[in-house]
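Taken in order, these protein sequences are the chains called A and B. Residues in the first sequence are numbered from 1 upward in steps of one, following the working numbering. Residues in the second sequence are numbered from 1001 upward in steps of one, following the working numbering.
Hint data in this document are derived by calculation from the structure and do not stem from the laboratory. Hints may contain errors.
[Claimed, not checked] List of simulated lysine to aspartate or glutamate pairs, EDC-like, C-alpha gap at most 20 Å:
#	chain 1	residue 1	chain 2	residue 2
1	B	Lys1129	B	Asp1170
2	A	Lys346	B	Glu1152
3	B	Lys1172	B	Asp1196
4	B	Lys1098	B	Glu1152
5	A	Lys274	B	Glu1152
6	B	Lys1098	A	Asp148
7	A	Lys346	B	Asp1147
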Amino acid sequence: MVSVTSQPEEGRKSAPFPAWLRKFLTTCGSIAATMLGLLLVTFVIGRVMPIDPVLAIVGERASQESYDAVYHQLGLDKPLMVQFFYYLWDVLHGDFGNSLLTARPVSQDIARVFPATMELATLGVVIGMFLGIPMGVLSAVHRGTWIDQTIRVLTLVGYSMPIFWLGMMGLLLFYGILGWVGGPGRLDIFFEGLVPSVTGMVLVDALLAGDMDVFWNGFSHLILPASLLGYYSLAYISRMTRSFMLEQLSAEYITTARVKGLSERQVIWGHAFKNIRVQLVTVVALSYANLLEGSVLTEIIFSWPGIGSYITTALLSADMNAVLGGTVVVGLIFICLNILSDLLYKIFDPRAK
Amino acid sequence: MTLLTVNDLWVRFPTRQGVFDAVRGISFELGQERLGIVGESGSGKSMTGRSILQLIRKPGVVQAAEISFQGRNLMELSERDMRSVRGNEISMVMQDPKFSLNPVMTIGAQLMEAYLQHNRDSRQNARNKCIEMLEAVSLRDPERVMDAYPHEMSGGMGQRIMIAMMLIPDPKILIADEPTSALDVSVQRQVLSIMDRLVRDRGMGLIFISHDLNLVAEFCDRVLIMYAGRIVESCPASKLREAKHPYTRGLLNALPRLDNPRTHLEVLQRQDDWTHAALEETQ
């Protein structure tokens, strides 16, 4: 329906679309371009790797005929450009090929392992954010005091301790000795398969099925690795928060706020914090992305069937389809998180509009 | 009527090399008048303004025999009581509106916050009050300004918004810390005359901090000259040309004058004993 209010717009012939649609299309265009670049890179990596995909399928003692047959079947006899377009076509249809290791389509594998990582990373980043941001603010406000020092030492430890060591110590203490949390894996074996897998995330599936026993068991398994990842991202988030906050607290508008007679709490959260939200969005998005792709060690220690350990195992056994598929998914996550932070940026900073 | 009495005020900053005294034992009184404080960078004039509001950042320390506002010694107030003085009784306009307004809040939200902090009132009344105040500082289309963000305003508009914001709770004293230094010369006069009119109409006391001798002489009733943390001279603005202290004389001689053009302007020759000299009362 054409509204009357859009009449002044009609004068401008050069703009056939409304502004929001144009902006949307530009965004889609840039996503597509980035994706294309990503696919090109992964494709090239797949081709320059000194791994013979045919040999990996037919085995070392295959005859030359069967080797050639598979070679032809994989399309390797065609020019590289043509191969790339085949690859592109397949990926656009959600087909990353079959995994050598699991003998299943890579897309199915990823649909199985990705939710596990997502569950872990999400809880991790939530913990990191809800503890890290207040800690950073507190540290900046009490700069130079024992509060600041304690927080800084704590975060430095989180930054510099190897996560596998922390993970094993955590397992030893909280699972082995105290018995407060569930051990490795996503659920006790007794609870496995009790709720139908809808989203692939145990906690969400349990809630959907209304089975609280499964929920709490899943939670007890999840909380330790998630806290560990949370601690790791907290270190980064709180250090960044501290330095952003210090910068804002010395700004002149803070003095203005104090001159108005506002309380310290209003000055900090009502004025200074509002100005660091934009920067924090980027920091949190970045740590989230890091957790989504880089929690390999944690996943291995906690036998967590996530995408990090999936890609690593695939890489070690030269399962290139799985590696490339996983890489594309991780790249896609980065792109999505970037778009999301751009969007939030516009909401939080009036100057960006 | 005396609004503010400052007696033996010191502002100290402990550093690695020892204690640095930014303000060194100054005393003055302020009535319903316009008092100018003039001095070069680092002479302690801004610190004086901020110490009245107890807004010296740590590790700076304010010490004074008294800073009394209408008989109440501000030095003895708790931080909580001091907050009800800030904005409500004594307010301050700062140098550059680009930095002194919060960039991510609408101007309306910032104005209303200043009013509602000290007045129990509905948001609608507060909004009306703010719009009235924006009209008082001669801003056109105050409704639009209320919903705008600081980056959408020019410097002159920003400073008028600052003045409106600081005057909304109806304070008795306004400290203007170099309020026009960041503005174009053509806008300076305009902003100053708006501030001047409001301050007079409300019978307020104004402390006008500036490095611009001519501006101060023109807009103030009385002038204090500060040098190295001390007041070296205090005189009525009309008598500034007859100032006695060698520093003030040096400053005056270093300024070009339309009515008495000279081919060479003198360079200010500093003398060490100015730093140590006691207040020379010429009032």
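Structure-based check of each hint:
no. : hint                    : in the structure
1   : Lys1129(B) x Asp1170(B) : holds (11 Å)
2   : Lys346(A) x Glu1152(B)  : holds (16 Å)
3   : Lys1172(B) x Asp1196(B) : holds (14 Å)
4   : Lys1098(B) x Glu1152(B) : holds (10 Å)
5   : Lys274(A) x Glu1152(B)  : holds (18 Å)
6   : Lys1098(B) x Asp148(A)  : violated (31 Å)
7   : Lys346(A) x Asp1147(B)  : holds (17 Å)
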